[in-house]
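The whole structure should be built from the sequences, with the hints applied where relevant.
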Amino acid sequence: MITKLGKSLFKMLPLLLGSLAAGAINGLFGMGGGIVIYFILSRLYAQSDEYDAKDIFAMTVISVLIMSLSSVFLYFSSGAFSLSDALPYMLPAVMGGIAGAFALSYIKASLLKKIFAAIMVYGGISLIFRR
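With the working numbering applied, the sequence shown corresponds to residues 120 to 250, in that order.
Hints are computed from structural coordinates only; laboratory data are not their basis.
The hints are all genuine.
Computed Cβ-Cβ distance ranges for the label pairs, DEER-style: (1) R162 / A237: 18 to 28 Å; (2) A199 / L230: 34 to 44 Å; (3) R250 / L132: 39 to 49 Å; (4) V213 / K233: 22 to 32 Å; (5) D168 / K233: 14 to 24 Å; (6) Q166 / L202: 37 to 47 Å; (7) F221 / S187: 16 to 26 Å; (8) L202 / A143: 17 to 27 Å.
Straight line, CA to CA, 20 Å or less: simulated SDA-like cross-link-like pairs of lysine to any residue: (9) K233 / R162; (10) K233 / G243; (11) K232 / Q166.
Every value quoted in this text rests on a predicted model; they were computed, and no experiment measured them.
Even glycine gets a Cβ: it sits at the ideal position worked out from N, Cα and C.
Given below as structure tokens:
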């Protein structure tokens with residue numbers, strides 16, 4: 120079955136290569152893969168009416184889930200962390216994810232982009248200047 124994303128090989132190749140890079144980045148740093156996926160999807164569909172920013176954020180969340188589950192499996196099986204270490208923030212993270220997904224339908228796409236950009240700028244500056 121051909122999906123919207125699979126309409127042309129021209130669109131698929133950058134997506135496949137970018138997804139591979141996103142997975143590697145996510146596995147290496149434990150984060151960042153979603154930013155790569157968002158960047159790729161937003162560039163691929165910038166001039167398209169197929170997807171808007173909210174659709175791209177939703178697709179990115181699904182990609183992050185898959186990348187994160189893969190990393191969790193490998194980290195957990197190698198003994199890099201224990202479930203008891205993760206429990207204190209797992210429930211609040213799930214609750215925040217549900218709240219964010221619910222709020223997505225009420226936030227304009229243009230505002231969503233600005234919020235995302237502000238978080239990325241803040242995060243980048245914090246990483247550069249953190250001791």
